[in-house]
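A.B. asks: Listed in order, the protein sequences are those of chains Z and P. 628 is the number of the first residue of the first sequence in the working numbering; add one for each residue after it. 63 is the number of the first residue of the second sequence in the working numbering; add one for each residue after it.
Hints were generated in silico from the structure; no laboratory data involved. For each residue, glycine too, the CB sits at the ideal point set by N, CA and C. Worth double-checking, as some hints may not be accurate.
[What the hints assert, rightly or not] Each pair of labels, with its calculated beta carbon distance range: (1) Z/Asn983 to P/Ile242: 50 to 56 Å; (2) P/Ile242 to Z/Pro719: 27 to 33 Å; (3) Z/Asp761 to P/Pro237: 49 to 55 Å; (4) P/Lys259 to Z/Ser643: 23 to 29 Å; (5) Z/Phe633 to P/Ile225: 29 to 35 Å; (6) P/Lys100 to Z/Asp769: 48 to 54 Å.
[To be verified] Which residues of chain P face chain Z? A few of them, derived with a C-beta cut under 7 Å, are: (7) Ile69; (8) Val132; (9) Pro133; (10) Leu134; (11) Met146; (12) Met168; (13) Ile172.
[To be verified] In silico DSS-like pairs for lysine-lysine, Cα to Cα no more than 27 Å straight-line: (14) Z/Lys963 to Z/Lys908; (15) Z/Lys727 to P/Lys100; (16) Z/Lys727 to P/Lys259; (17) Z/Lys766 to Z/Lys994; (18) Z/Lys994 to Z/Lys707; (19) Z/Lys846 to Z/Lys822.
Chain by chain, the residues run as shown.
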Amino acid sequence: MDLAFFIAPLAVSGISAALAAVISISDRILNNYGDVDININKGKKNLTVTGGAPLLISLSEQGIFVPSACGGRGSCGACKVKVDSDIGPHLPTETPYLTKAELADNVHLSCQVKLKTNIEIDIPESLFNVRQYDGVIEKIEDVTHDIKEVLVRLPEGSEVSFTSGQYGQIEVPPYEKIKESTQRAYSMSSAPARKGYLEFLVRLVPGGIVTSYVHQYLKEGQKMKVIAPFGEFMVRETDATMVCVAGGSGMAPFKSIFQDRIDRGVMDQRDIWYFFGARTKKDLFYLDWLEELQSKYERFHFIAALSEPQPEDDWKGETGLITDVLGKYLTETMPKGDVREGYLCGSPGMLDACMNVMRKFGMTDDKIYFDKFA
Amino acid sequence: MNSAPIIAPLTLLFASIFTSNILLANFLGMCSFIAISKDMDSANGLGMAVTVVLVLTAAINWVVLHFILVPLGLEFLQYIVFIMVIAAVVQILEMVIDRVSQSLYMALGIFLPLITVNCAVLGVVLFMQIRNYAFVQALAFGLGSGLGWWLAIMLLAAMRRKIDKAPVPAGLQGPGITMITIGMMAMAFIGFSGMLKVQ
């Protein structure tokens, strides 16, 4: 018998234990950045956090939610933050998402910034208002064959103070092949006056992580995390005629905007022309409500346009592309000489085409506000 | 146990940089050599990292070999122990680089932890054991091999920068022309061979 039988395992374990100890000690020393100060908007808010974590995560732990669709994996490029102090060059993981101007301006992806030293950042003031809510699904309803209306009940006693047109991020848990929680932005379709609840319209996008989950798995009574409110898409308080254009679930912000104006009793204080484009009649929804508004409020006009009406639709309204219908109304039907503001929400293709029509008929970019689906 | 060869450490240092370059004479550590030589900055960083790992592992493994394995008669464990030491050193180095330069850390990416399986590193440690170097010789050999590897990858990165703009035939672009370049570099370095003794 050789003594090596006993010594060898001992020696190997001894050496590995010693190495493991050295590694953990270095980890403690090297990955310990101590407390790091985050100075937001030139001293408007000062936070002290434990260093070493990504800026995005440290901020959200402190209740400041920078919008992020991918949850910090560096794949959406949404969590941009302007950094005012020197934190070194941009990482290769950031540059694909930043424009030349943003690179020059020292804008970083906050999920890729590891907090090592004190940092000064600039974020929109409105983000201070953003909170995370543990909501419960109160009701899910099909409004068309591919759009669901999702009503989220907020925790007892909490409410979101938002302006109609703004959006929230909803988070779905890992499912099937999706290994991590995923967040996506959806406009609130409920009015701010409806305290304690938030409503979203979710259209099924083939292959979409969150939309597929909402359509296939989400059940009433289930919990859902909502982070809100975000966004700059809101009605400017002027007397100009509102020219609103939407398609599909782009209905959401307008439902909120109109309901809000009704709640505040200002629905009839300015002209509103609401154009809604769809392919066939089965893509239309909320028709009864919108027609009721039209008959009730003199200055509200609702125009639905079908691009491919089917024979069985028995459609008597406008037909053709929404751009053509919009052009026709802008030049012929609507009163001449009024001041107009454009509000658009929908897919990028539709929005760009409609904005071209608006520009062609004399509306200027500074009076056109939009919420483009990414 | 045989005694250490009689070679001045300084000779060994220069020998392992030029005449017996670990990369160009032994062709060890090719994988990351080809992958990271696309730009000079990362090549420089990786060369530095490999050099540090080589010096540290040569030193630590020499101590482990001569003060633990040999006295206990456990030389047969040397492969597993050498690799463990290398892995630990790379882990620590990874933390250091992450702390010091986030952009180098991102640029090296997967090749940083893969220094563990860079055969140049294990190669140097095994040569050190086979050739029976004394401690200072092992240090010189580790440092020299590291500098040699660093020099080689910098030379290759510099050449690839020129080659990028050269009209390389379609089928040879990328790794193909790189392999040919490395072959020519190796031939040039063979011109030095035999001038200095390493064992």
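A.B. asks: Determine for every hint whether it applies to the structure shown.
C.D. replies: Hints, one by one, checked against the model:
| no. | hint | verdict |
| --- | --- | --- |
| 1 | Z/Asn983 to P/Ile242: 50 to 56 Å | holds, 54 Å |
| 2 | P/Ile242 to Z/Pro719: 27 to 33 Å | holds, 28 Å |
| 3 | Z/Asp761 to P/Pro237: 49 to 55 Å | holds, 52 Å |
| 4 | P/Lys259 to Z/Ser643: 23 to 29 Å | violated, 37 Å |
| 5 | Z/Phe633 to P/Ile225: 29 to 35 Å | violated, 57 Å |
| 6 | P/Lys100 to Z/Asp769: 48 to 54 Å | holds, 53 Å |
| 7 | Ile69 | violated, 29 Å |
| 8 | Val132 | violated, 11 Å |
| 9 | Pro133 | violated, 10 Å |
| 10 | Leu134 | holds, 5 Å |
| 11 | Met146 | holds, 6 Å |
| 12 | Met168 | holds, 5 Å |
| 13 | Ile172 | violated, 13 Å |
| 14 | Z/Lys963 to Z/Lys908 | violated, 31 Å |
| 15 | Z/Lys727 to P/Lys100 | holds, 24 Å |
| 16 | Z/Lys727 to P/Lys259 | violated, 55 Å |
| 17 | Z/Lys766 to Z/Lys994 | violated, 37 Å |
| 18 | Z/Lys994 to Z/Lys707 | holds, 26 Å |
| 19 | Z/Lys846 to Z/Lys822 | holds, 22 Å |
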